[in-house]
Amino acid sequence: MYSIDESFLDLAGIRDRRQLSVDLSERVHQWTGIPNCIGIAPTKTLAKLANRVAKDAARKLGSYPAGLAGVCDLAALSGSELDAVLRATSRRDRLRGRHPRQRCRGSVDQVTADRARRGDSEG
Numbered sequence: 001m002y003s004i005d006e007s008f009l010d011l012a013g014i015r016d017r018r019q020l021s022v023d024l025s026e027r028v029h030q031w032t033g034i035p036n037c038i039g040i041a042p043t044k045t046l047a048k049l050a051n052r053v054a055k056d057a058a059r060k061l062g063s064y065p066a067g068l069a070g071v072c073d074l075a076a077l078s079g080s081e082l083d084a085v086l087r088a089t090s091r092r093d094r095l096r097g098r099h100p101r102q103r104c105r106g107s108v109d110q111v112t113a114d115r116a117r118r119g120d121s122e123g
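Residue numbers (UniProt numbering): 1 to 123.
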């Protein structure tokens, strides 16, 4: 548990992360009445970005592709889709965090570092 309204889960080995997340989100809303969104990514920083995308796609129509509303799995996006999402994300959101060990200023730097580590230019 990260905070009262946020938690991070390890979904390694889960085949259909998106469907599990949709089911979990629906159950939380059904049991508590609290609207929620889920962001899925390989790191906590990127998961927070994915969650922001899921929220904005649901609340601000046209801000992101409608298919990302409610649940956004960054790892499921193609390189060009991820680039489009990052371009649509405000500079404030992209640079919000700073990872001290890698000297990353935020999610964009982290995606670039992850791609470089994998030797993958598209994602």
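Just so you know, these hints were derived from the structure itself, not from any lab. Incorrect hints may have been included.
[To be verified] Cβ pair distances, simulated, as ranges: (1) R15 <-> S90: 14 to 22 Å; (2) R15 <-> G79: 20 to 28 Å; (3) R15 <-> S78: 14 to 22 Å; (4) Q19 <-> P42: 14 to 22 Å.
From a predicted model like this one, the values you see are computed outputs, not experimental measurements. Backbone N, C-alpha and C fix where the C-beta goes; we use that ideal spot for every residue, glycine too.
Tested hints:
no.	hint	verdict
1	R15 <-> S90: 14 to 22 Å	33 Å, violated
2	R15 <-> G79: 20 to 28 Å	22 Å, holds
3	R15 <-> S78: 14 to 22 Å	19 Å, holds
4	Q19 <-> P42: 14 to 22 Å	19 Å, holds
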